[in-house]
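Enquirer: Chains as they are written, first to last, in full-length UniProt numbering: chain E, 1 to 194; chain P, 1 to 194; chain Z, 1 to 194; chain W, 1 to 194; chain L, 1 to 194; chain G, 1 to 194; chain H, 1 to 194; chain A, 1 to 194.
One thing to keep in mind: the hints can contain errors.
[To be verified] In silico SDA-like links for lysine to any residue, alpha-carbon gap of 20 Å or less: (1) 61/G <-> 86/H; (2) 177/G <-> 17/E; (3) 177/E <-> 71/A; (4) 61/A <-> 191/E; (5) 177/P <-> 55/L; (6) 86/P <-> 163/E; (7) 177/W <-> 79/Z.
To be clear, the hints were calculated from the coordinates, so they are not data collected in a lab.
There are 8 protein chains.
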Amino acid sequence: MALLMVDHQAGLLSLVRDFSPDDFKNNVLALADIARFFNIPTILTTSFEDGPNGPMVPELKEMFPDAPYFARPGQINAWDNEDFVKAVKATGKKQLLIAGVVTDVCVAFPTLSALEEGYEVFVVTDASGTFNQTTRDASWSRMEQAGAQLMNWFSVGCELHRDWRNDIEGFGGILAKHLPHYANLMQSYGAQQG
Amino acid sequence: MALLMVDHQAGLLSLVRDFSPDDFKNNVLALADIARFFNIPTILTTSFEDGPNGPMVPELKEMFPDAPYFARPGQINAWDNEDFVKAVKATGKKQLLIAGVVTDVCVAFPTLSALEEGYEVFVVTDASGTFNQTTRDASWSRMEQAGAQLMNWFSVGCELHRDWRNDIEGFGGILAKHLPHYANLMQSYGAQQG
Amino acid sequence: MALLMVDHQAGLLSLVRDFSPDDFKNNVLALADIARFFNIPTILTTSFEDGPNGPMVPELKEMFPDAPYFARPGQINAWDNEDFVKAVKATGKKQLLIAGVVTDVCVAFPTLSALEEGYEVFVVTDASGTFNQTTRDASWSRMEQAGAQLMNWFSVGCELHRDWRNDIEGFGGILAKHLPHYANLMQSYGAQQG
Amino acid sequence: MALLMVDHQAGLLSLVRDFSPDDFKNNVLALADIARFFNIPTILTTSFEDGPNGPMVPELKEMFPDAPYFARPGQINAWDNEDFVKAVKATGKKQLLIAGVVTDVCVAFPTLSALEEGYEVFVVTDASGTFNQTTRDASWSRMEQAGAQLMNWFSVGCELHRDWRNDIEGFGGILAKHLPHYANLMQSYGAQQG
Amino acid sequence: MALLMVDHQAGLLSLVRDFSPDDFKNNVLALADIARFFNIPTILTTSFEDGPNGPMVPELKEMFPDAPYFARPGQINAWDNEDFVKAVKATGKKQLLIAGVVTDVCVAFPTLSALEEGYEVFVVTDASGTFNQTTRDASWSRMEQAGAQLMNWFSVGCELHRDWRNDIEGFGGILAKHLPHYANLMQSYGAQQG
Amino acid sequence: MALLMVDHQAGLLSLVRDFSPDDFKNNVLALADIARFFNIPTILTTSFEDGPNGPMVPELKEMFPDAPYFARPGQINAWDNEDFVKAVKATGKKQLLIAGVVTDVCVAFPTLSALEEGYEVFVVTDASGTFNQTTRDASWSRMEQAGAQLMNWFSVGCELHRDWRNDIEGFGGILAKHLPHYANLMQSYGAQQG
Amino acid sequence: MALLMVDHQAGLLSLVRDFSPDDFKNNVLALADIARFFNIPTILTTSFEDGPNGPMVPELKEMFPDAPYFARPGQINAWDNEDFVKAVKATGKKQLLIAGVVTDVCVAFPTLSALEEGYEVFVVTDASGTFNQTTRDASWSRMEQAGAQLMNWFSVGCELHRDWRNDIEGFGGILAKHLPHYANLMQSYGAQQG
Amino acid sequence: MALLMVDHQAGLLSLVRDFSPDDFKNNVLALADIARFFNIPTILTTSFEDGPNGPMVPELKEMFPDAPYFARPGQINAWDNEDFVKAVKATGKKQLLIAGVVTDVCVAFPTLSALEEGYEVFVVTDASGTFNQTTRDASWSRMEQAGAQLMNWFSVGCELHRDWRNDIEGFGGILAKHLPHYANLMQSYGAQQG
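Next comes chain E alone, as it looks inside the complex (with noise of 0.2 Å):
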């Protein structure tokens, strides 16, 4: 399994509002560190960074620094760029995490090829945004209807995790982390054992 980040840029992301600010930072943040935590092949792109898009959200970069990273000219399809095909292609895998910003395009359209190609393909939908709730659910409609399963990032964790005896404290640490219930419930937990 390898997980594709298509264009997390700062620009971009002012035009998500089918989450709030809070919450969608949080998924993002957090698939990153379920991709870390079980160290997927992840594969970074944007598209015209030096414009109105804006720069990768710098706290991807900083957390895949040697990830392979590719600032597209122009193609509006990731799947487009020749580079980065080739980089999927050579992590060897054919289940593919697809999510970005916004969603009916910069996730659709690679879900789309890639699928084409024989790619299984899980769409990342919680840490993939867009302009409103109506353009996600007709864009999550085309994904489906090609094949691609939508998932979100706590799923994706536990099917990666598939024992918590594998790791009980790193994965319960990207939990208490990113869930905050979830944090509070390990801290009256721990309380009360003192």
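Since the structure of chain E is already known, use the hints to place chains P, Z, W, L, G, H and A on it.
Expert: Positioned in the frame of chain E, the structure of chains P, Z, W, L, G, H and A alone reads:
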């Protein structure tokens, strides 16, 4: 038909935010009442119940004192627990009702696993909860796509009952307990019947 | 094409909460007007109408005085009532419009049964109501999955009318009665025509 | 008590989006029925009815054939029209019910004017509509601040009726017509009374 | 402090649509539990209970078997019923908790009457219901304007209890029964205390 | 690819309530700008434009002065109009973009007809409007089921543009005009570039 | 009456999430058109416009080329800027219309300051935006409490116009531009007038 | 000005449902950062922290290691705890910022008590949470009525900062941390400044 109640635990329940607390409690207990009324073989399971996830809801334990109960040591997907799957198979049923917390993981994972093994799966949507409606919608989509059917506790009950004449009072009693407005109808009716 | 009106009963209607009371009343009566205008064979049925479920809405009885009417003695799924099914077959139609209360049971069950027997089913979604939107969404999903098409009373009317020239005043009169804003357009138009 | 119905015109009604069309039509006609039932002096007025604003809703004209009716030549605030104010004064009432379209202008302006002249004003909120809920909330706030009381057609009716025994059938008939679920209660009740 | 429970009748309850049925039932019974726990003098009243409005909710009757109970022959405003007002005065309290169905009439009218006579009135908002949120907002505004304070059953209970040490188990028991998530906290806590 | 703009008429637009008026106007004009920018063959049609449905939105007429334009004499489904279908065929395109008012009829009917004849249909969801969200959801479901893909004007534009380098200023100009927040990004960017 | 437009800057606008982007842009420009049409003295101000807050929206600058314009060097509350206050006083007006971004700071602070100095303040609520509806509600409450009146651009325009006859075309033109459905009414009307 | 942080405890937080978990966590920590930045005397208190209510959120303890901290033995209203009130008085401030969980009790009770003793109270609405929006609205109303002003953490910060020039980086750093979209603006700005 068998019923799988997955991870309705005191801690995890605090994460459920796609239903009001009263609605969700009522839905879960209504499903349990339905299962008992129709003698549906029921299997209970929890994950990590000694930690922050907390113990199974006590009402469920009390209602199914003799049901197979699996406190999974670590597997996130209940279907990864061999004892659990053996118990499912032991029911001899090929139709499964699945409800749990959270929908996108504790329900979706065993649903997908069971469908793959040829079971017909009915997700009891209103006795299953998760973080928010966006996550719910995405997980419903994934399960539908794989072939699961989405039901609610009331339609499950009606499908099992088939004919009011089979036991009017018994079934009516469940509705009176879990559908406040149906209780009102019965009371107004009864008041006039004198 | 035949229309099945299932369990629009005074008691059950108080359970409907996915539409405002005014909207729902208007939608049901609009569908009835459409059926009468196009002489669609219509079959009425109720369940347990002497109990809390209450009598059929009186307007429907008055509008279809000669329609086959089945007060089911106990069957929850109208399709389990032999007389009802015989009446459906007697219409000779293979396309069925189904509306009822509540959507997840009184509509979904006969819809699934009719689809299984090879009928083409059109659920009239806005003349069908249930407990809340979550339940509606799940039941819509189940019916779609089985092959039902989701329509609304207005699109049913338009599909039957096909061409305004067939009877402008007749069809326009139905719209004026059931679409307040279309009535406004007609009135503004008429005022100018003088 | 006198009732002022301000600018319920076919064109302007298409701007109302803080109520569903069916709900709003029902509310306006219910208020009119209440006024007639209690013989409340009622004054009708429109603005620019020969232009895009359109004619007054025909049902209102028919229900109040003898009511003072002022087609204002241009004044936006009905209270700026001397004839209208004279008619209000001629009722001899110091309590005014005001409803109209749109709430923030056609209701708010005469409400503020009447309050200033010492009238006690009751805004009938659900027979008054405007562009959206944000605008409604702001205009409610402005009127409250100036001393207006916010009511709805049902509470107006109940305040006028005071005691069911004054005329059960008459008042009940209005409720049956305009509160579908109250009609259901009456029908279920009647069915049992036989 | 005295509690007035106004018109929580089986028929009228079907009109309440600003709360989910489960939430509203829970809120009304929680308020009743609070009143009993603190021995608040409680007065029950209904309007026209032999007609479509239906009988008082049976749970309330059972919980307050000795409370003054007034089946009003016709007065819509309970304060128009002399016996009811006498009973209120007989409590000797000058602070009144009022809850009822529907908010804009059965709660608002006696609230305004009691305020006029110098009582301090606390409306228990979540044990009072009405047709929709718009109507609720307007009626809240009217009562606030007249000086009523808006509370909810939980804050009423906390204000009466003042100090947990007065009776931890008793008060905790009410919370466990009516706040499902507080019950979860208690259960998780108890599980660890072992 | 060809674009069919169906029944965006002044009267019918007043029925659209699943978008705010400003949003919908913007979406329709944005789609038109996209079509012109990419020289998409565009066909306009109206139904009964001399009656209450009203004339086509003037901006559309002005933007496509030379486009085939069919004022249908009575056919509700544009595909029932032979001239219209001939014009579609004359474009030689097998991919159709369809937008219109109302979604469940004026969009859904020609969409189903075109799909049946082997066209690939892309519904432009945000330039299509109807009575409310429930009706929209049902009609989307019906069209998806038949094979239509749901898009929005922005994703249509991006799919056609493919690469920013093809004409940055032209495409950027459309975004600046129809995505206020993208305009803000461009303005902030420009201000710094000085 | 004077109008203060506070901090409608490209960067800050991306924070506004209590209105859709199209709605908000339309509202701000509509208010500006109203101010120009009625020759309301208008004062513009920005905060830190060389930094991330970004430049004032260019349309506003263009519409008020000669208006006093204060790029505040650092004061958050515009009223803390002496030049700004002097300009307000120089208008000689005691009634102020205030709109800005964000409502809870850039509008609320000068509103409270102006009220304290004896001005009568009208907040133009729909040309003022902030982070979310909760924040908006709280800030509205604070301003109301201090005596501000809440209006919207349409009611401001109507209050200034008072009588349609003063300039039908001029005022109608503004409505046609900023109220799409009013434009539709005018177009339908005009089409018939021929 | 002094800040009172009341009952932000791990258990109680699971009851908060009028904010998303991410939003609420962010708001509480933002308020804490504001208080530290401006050296606002801060007082922390909890109720029954050894029981199900759980320990205070650890971040708050860490951020205010030297703040007066009162683990109340039983008093529900923090103002009933003499030590707490003494600490408030010891600050010498007459203006209080109050935030807490749940709004209707832990915030409303000390707010009413403090107002009664002549303090000026500012409720920090978005760092205070409760069961649902209905409860929040009612409790806001009660506090407003008693004279409290409703603010949010951002407006508190801006009111304290008054002028950006006082410390651009410090205050900007808080905004960057707690307003994701302001961080985006800063990042886009910085990228261009190079």
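Enquirer: Identify every previously stated hint that the structure contradicts and give their numbers, smallest first.
Expert: 1, 3, 7
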